[in-house]
Amino acid sequence: MNIADILKDRKSIAKAITEIEEGNTELATEALRGIRGAWVIGVTGVPGSGKSTLISKIALKLALEGKKIGILGIDPTSPFSGGAVLGDRIRMRELNKFENVFIRSISTGGKLGGMSYHTPDIVNVLDAAGFDTIFIETVGTGQDEVDVMNIANTVLVVIVPTLGDEVQVIKAGQLEIGDIFILNKSDQGAADEKIKEMTLIMKERKDGWIPRIVKSVAVRNQGIDEILRLIVEHREFIERNGLKKNKLRQRILYTIKQHALNRMDEIMKNEEIEVYIEKVMSGKDISKVIDEIMLEMGVGYGKRGKD
Amino acid sequence: MEKEEKIRERIKEWEEGVLKKSLQSLPERGKFSTLSGIEIKTLYTPIDIGEFNYFEKLGFPGEYPFTRGIHPTMYRSRLWTFRQFSGFGDAIETNRRLKYLLEHGETGLSIAFDYPTLLGLDADDPITKGEFGKAGVAINTLEDMQLMFKDISLKDISTSMTINGPAAMIWAFYILTGESQGARWCDLRGTIQNDILKEYMAQKSFIFPPEPSLKLVIDTIEFGSKELPLWNPISISGYHIREAGATAVQELAFTLANGLTYVEKAVERGLDVDDFAPRLSFFFDAHIDFFEEIAKFRAARRIWAREMKNRFNPKKERSLWLRFHTQTAGVSLTAQQPENNIIRTTVEAMAAVLGGTQSLHTNSMDEAWALPSEKAVMIALRTQQIIGEETGISNTVDPLAGSYYVEWLTDKIEEEVYKYFDRIDSIGGVIKGIRSGFFQREIAESAYRYQKELEEMKRVLVGVNKYRIEEKLEIPILKVPDELEERHLARLKRYKENRDISKVQDSLRILQLNADEKNLMPYIIDAIRARATLGEIVNSLKDVWGEYIEPVIY
Amino acid sequence: MRKIRVLIAKPGLDGHDRGAKVLARSLMDEGFEVIYTGIHQTAEDIVRSAIEEDVDVIGLSILSGAHMYHFRRILELMKENGLNDVLLIGGGIVPEDDKNKLIEMGVDAIFNPGTSIKEISDFIRKNLRRRV
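Chains as they are written, first to last, in this note's numbering: chain A, 72 to 378; chain B, 10 to 563; chain C, 51 to 182.
These aren't lab readings, by the way, just hints derived from the structure by calculation.
Hints are supplied without guarantee of correctness; some may be wrong.
Below 30 Å or equal to it, Euclidean Cα-Cα: the simulated DSBU-like pairs (lysine-lysine) are [unchecked claim]:
id, chain 1, residue 1, chain 2, residue 2
1, C, LYS129, A, LYS86
2, A, LYS138, A, LYS316
3, C, LYS168, B, LYS467
4, B, LYS274, B, LYS428
5, C, LYS151, B, LYS481
6, C, LYS129, A, LYS82
7, C, LYS168, B, LYS475
8, B, LYS512, B, LYS138
9, A, LYS286, B, LYS551
10, A, LYS328, A, LYS350
11, B, LYS488, B, LYS159
If you anchor each label on the Cβ, the simulated ranges turn out as follows [unchecked claim]:
id, chain 1, residue 1, chain 2, residue 2, range
12, C, ARG52, B, TYR413, 52 to 60 Å
13, B, GLU465, A, ARG276, 50 to 58 Å
14, B, LYS475, A, LYS132, 52 to 60 Å
Listed below are several chain C residues computed to face chain A (Cβ distance under 8 Å; list not exhaustive) [as the list claims (entries may be wrong)]:
id, residue
15, LYS53
16, ALA74
17, ASP79
18, GLU80
19, PHE82
20, ILE85
21, TYR86
22, THR87
23, GLU94
24, ASP95
25, ARG98
26, SER99
27, ILE101
28, GLU103
29, ASP104
30, ASN131
Ideal placement from N, C-alpha and C gives every residue a C-beta, glycine not left out.
Turn these sequences into a full structure, and let the hints steer you where they fit.
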């Protein structure tokens with residue numbers, strides 16, 4: 072099976088994503104093996120910082136150049152009902168007229184870290200389908216949203232001058248993961264001061280990249296060219312230093328890891344797990360019990376999506 | 010004091026005696042709260058209104074703080090204006106409907122525009138497909154406006170126009186129509202809604218971003234104060250905020266906050282508050298919770314008078330008046346058993362009258378299904394006439410004053426409104442709140458809560474979640490015939506062909522050049538004289554100001 | 051387990067989004083995944099979003115009276131794109147006559163003001179054309 076043949080148009084791509092989310096691991100595997108090395112851009116930042124609008128404006132420029140653009144917008148799942156309202160498309164309407172753009176809204180499914188278990192799979196699908204650039208907009212609740220660095224080649228962290236964000240950025244560990252920091256809505260509040268503050272705390276990455284800070288007013292299309300220029304600069308840095316391969320391997324590893332975690336999560340939701348709790352409580356070693364769970368309940372799980 | 014002690018004592022006795030005993034055999038049906046969620050007790054007594062300073066809280070009608078009404082005699086001298094919102098299809102069809110209403114005793118006109126017009130789009134713009142004339146009349150040119158008022162003398166009638174984003178342009182069409190009938194500008198009477206702030210909060214028919222929009226509104230206020238002294242250049246509207254789901258308190262708080270924002274901006278422009286404040290008008294919703302609505306209207310007058318006095322210190326007493334139009338609540342109408350809506354509308358209209366409204370629109374029973382039929386409109390108008398001329402409700406001024414419950418509720422609403430004022434201040438004012446989505450979130454939250462209450466049967470909606478029946482609906486439904494659109498489009502085409510396009514372009518260029526610096530009304534009027542259309546004028550300003558995209562709130 | 055995916059959109063020019071928003075949130079409470087795309091959507095926007103999001107249901111809210119035009123256009127585009135397994139439902143100010151015509155044309159249901167969320171969610175669950 073050639074994955075590119077399966078992903079022949081908008082509809083089949085959309086269907087493939089659904090199938091993978093339903094548990095078709097065979098298709099997920101094909102997608103993973105079919106990846107071509109799209110540039111993946113993670114975009115993170117607190118709610119209200121304007122992530123969707125920024126992505127929309129950046130993507131618009133790339134789409135006009137004829138690039139194939141994929142966008143994944145992630146929103147939280149309600150812990151009470153399991154439902155979700157996914158609203159990232161509202162801000163991306165101007166992209167609807169482009170044949171070379173694909174947008175998909177995703178719910179976290181209750182997973183922490185800013186993405187769903189299947190987000191890497193979906194990135195792989197779009198990559199295998201020949202998209203050049205893929206944006207991932209993380210949930211943006213601010214805490215612990217560092218997972219995106221595992222699948223993104225470039226990470227954009229969006230902050231705003233009005234929210235007193237610098238503290239939050241550090242708290243959330245985003246200072247460590249951002250390749251480019253974007254001070255959006257820079258026409259409000261004390262933008263220049265914020266830039267100064269941020270510059271002071273910037274640190275060189277392990278790979279030698281020095282994070283950049285740029286101002287923007289996304290709704291007015293200001294700063295978008297500069298952001299694009301910095302993305303290209305970062306990309307060239309990564310490629311020049313032979314780091315792209317690492318990034319790709321990291322994504323593959325992360326994809327597989329997410330499958331493992333997802334599976335474990337599913338198993339732990341099973342009602343039969345009660346039996347094992349009893350075993351632990353009556354004296355059996357936790358680690359032994361886990362071995363048992365994996366052995367007895369994990370078997371045959373992979374077939375589930377195909378019936 | 011001694012008296013108060015005595016009452017407290019007696020209440021205690023009553024609670025522990027008669028009340029307690031009664032509750033044992035006949036417990037109350039549950040908790041009670043107003044539609045807006047204000048909790049209501051079993052009984053209200055003098056204790057609940059505390060040390061009630063009559064002069065401070067109520068005074069006399071026609072005197073500060075105007076709680077009892079802005080006129081000394083209220084409806085004993087003149088009933089409120091019966092004003093039914095109408096308009097659909099094209100100008101010619103609407104002209105026919107307006108004449109019908111005038112023949113049946115309507116005393117003021119009220120024009121509804123279709124969605125393309127509300128967004129400043131001409132009917133030949135492809136994006137308007139399917140929307141022509143559906144929710145109101147399409148007006149694109151001076152000729153359209155002239156046709157709509159053919160054989161209706163504009164110097165003899167007042168006209169209210171529900172238009173916001175392109176209010177300045179539509180008003181200019183009206184002014185020139187009056188002129189072409191031979192009326193002087195200064196004789197024209199009426200209202201343009203022109204309240205753009207609530208569009209961002211609730212109704213979402215905005216065009217430009219808030220800042221230039223607000224500038225345009227102040228242009229009209231300034232222009233009106235100089236050229237059309239009898240015109241109300243704005244109708245600061247809570248109606249749409251309420252219909253979008255707000256509570257009575259939110260409706261009032263957000264509307265008054267918007268009103269104060271306009272006044273601030275006009276004063277910043279250098280206008281004397283007394284030159285324009287007397288022409289500010291308001292527009293509220295009359296919802297189904299009878300007493301809460303009455304209290305809301307009374308509180309509205311008191312708060313507005315006080316805030317205007319304290320913040321802007323006007324010399325004219327009229328500058329302190331809160332004059333308002335009321336419409337019964339569209340959202341309270343049900344599609345089920347539509348005749349029941351006549352009763353709902355009656356109760357709501359009574360609340361508006363007991364609240365001291367200056368004019369009133371009563372909804373028609375079939376409006377949960379479509380635009381109203383002529384018969385339904387007639388019943389709605391008759392509802393007002395019965396209240397005004399049969400019931401005796403209008404025989405005295407503010408008849409509910411002094412009711413412990415109504416006064417307590419009036420105070421309570423006022424208190425809650427001030428809490429919102431503080432919150433709005435703390436987030437940096439109305440425009441900042443709009444941009445951050447504060448108001449939209451508050452409103453969405455209330456709408457959601459109300460729906461939950463219905464679902465959980467905490468609120469009864471007769472015929473909807475209780476007393477449902479299987480029914481075959483037999484209400485005549487108004488249809489907008491397709492040929493109206495063809496007729497309109499042909500007229501628009503002819504209009505555009507018969508003009509000197511270079512003159513149009515020149516006038517629009519001059520308009521653009523002055524967009525940020527000058528009062529635009531004269532430039533808009535010039536462009537219309539050069540035969541520019543609504544869409545052309547609005548588009549030329551979009552080029553300068555851009556279009557607004559709202560924050561995402563749900 | 052996959053959640054039922056519902057696209058909620060407002061076609062046309064009216065901006066009364068109270069119903070659409072309340073419905074979006076309430077369907078979330080019912081455990082659905084709602085893709086809310088907001089006001090002023092064209093038929094093309096809506097159908098494209100429905101394809102990309104691979105939804106089970108398209109729900110439209112129209113209060114402007116322009117329902118006949120918008121539903122017809124969306125049905126056309128759904129057909130063109132082979133969205134046979136997607137439910138199309140609507141709500142708003144729709145007269146009985148028009149309602150019957152729309153159902154004939156292929157709209158699955160029209161809900162008038164006063165419909166409870168439960169009615170809508172029950173309808174969706176019962177009439178779903180795809181396995182979830």
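Now for the hints, and whether the structure bears them out:
1. For the proposed pair LYS129/C and LYS86/A, the alpha carbon gap of about 17 Å is at most 30 Å, so the pair holds.
2. About 22 Å separates the Cα atoms of LYS138/A and LYS316/A, which keeps this hinted pair within 30 Å; it holds.
3. With a C-alpha separation of about 15 Å, the suggested pairing of LYS168/C with LYS467/B holds against the 30 Å cut-off.
4. With a C-alpha separation of about 23 Å, the suggested pair LYS274/B and LYS428/B falls inside the 30 Å cut-off, and the hint holds.
5. Using a Cα cut-off of 30 Å, the hinted pair LYS151/C and LYS481/B holds, with the two alpha carbons roughly 16 Å apart.
6. Annotation: proposed proximity of LYS129/C to LYS82/A holds, straight-line Cα distance about 13 Å (limit 30 Å).
7. Among the hinted pairs, LYS168/C with LYS475/B is consistent with the structure: their alpha-carbon atoms are about 15 Å apart, no more than 30 Å.
8. Taking the CA atoms of LYS512/B and LYS138/B, the gap is near 29 Å; set against the 30 Å cutoff, the hint holds.
9. Using a Cα cut-off of 30 Å, the hinted pair LYS286/A and LYS551/B holds, with the two alpha carbons roughly 25 Å apart.
10. In summary, the hint linking LYS328/A to LYS350/A is supported, as the alpha carbons are separated by about 28 Å, within the 30 Å threshold.
11. The suggested pairing of LYS488/B with LYS159/B holds, with an alpha-carbon distance near 23 Å, which does not exceed 30 Å.
12. Our hint of 52 to 60 Å for ARG52/C and TYR413/B holds, since their Cβ atoms are close to 58 Å apart.
13. Separation of GLU465/B from ARG276/A is about 53 Å and conforms to the stated range, judged on CB atoms against 50 to 58 Å.
14. Checked against the given bound of 52 to 60 Å, the beta carbons of LYS475/B and LYS132/A, roughly 56 Å apart, stay inside it.
15. Because the closest C-beta pair between LYS53/C and chain A is about 7 Å apart, less than 8 Å, the hint holds.
16. Interface hint status for ALA74/C: upheld, as the beta-carbon distance to the closest one in chain A is roughly 5 Å, under 8 Å.
17. Annotation: interface hint on ASP79/C holds; nearest CB of chain A at approximately 5 Å, less than 8 Å.
18. The interface hint given for GLU80/C holds, since its Cβ lies 6 Å from the closest Cβ of chain A, which is under the 8 Å cut-off.
19. Taking 8 Å as the C-beta contact cut-off toward chain A, the hint placing PHE82/C at the interface holds, the least distance being around 5 Å.
20. Annotation: interface hint on ILE85/C holds; nearest CB of chain A at approximately 5 Å, less than 8 Å.
21. Residue-level restraint check for TYR86/C holds (minimum Cβ-Cβ distance to chain A is 5 Å; threshold 8 Å).
22. At its closest, the beta carbon of THR87/C sits 5 Å from a beta carbon of chain A; the interface hint therefore holds under the 8 Å criterion.
23. A hinted interface residue such as GLU94/C counts as satisfied when its beta carbon comes closer than 8 Å to some beta carbon of chain A; here the least separation is about 7 Å, so the hint holds.
24. With its C-beta approaching chain A no nearer than about 5 Å, ASP95/C sits inside the 8 Å limit, and its interface hint holds.
25. A hinted interface residue such as ARG98/C counts as satisfied when its beta carbon comes closer than 8 Å to some beta carbon of chain A; here the least separation is about 6 Å, so the hint holds.
26. At about 6 Å, the closest approach between the beta carbon of SER99/C and any beta carbon in chain A falls short of 8 Å, and the interface hint on this residue holds.
27. Taking 8 Å as the C-beta cut-off, the interface hint given for ILE101/C holds, the closest approach to chain A being about 5 Å.
28. Nearest Cβ of chain A to the Cβ of GLU103/C: about 6 Å, under the 8 Å cut. The hint holds.
29. Here the hint on ASP104/C is kept, as its CB sits about 4 Å from the closest CB of chain A, short of 8 Å.
30. A hinted interface residue such as ASN131/C counts as satisfied when its beta carbon comes closer than 8 Å to some beta carbon of chain A; here the least separation is about 7 Å, so the hint holds.
The earlier numbered hints are all upheld by this structure, with none contradicted.
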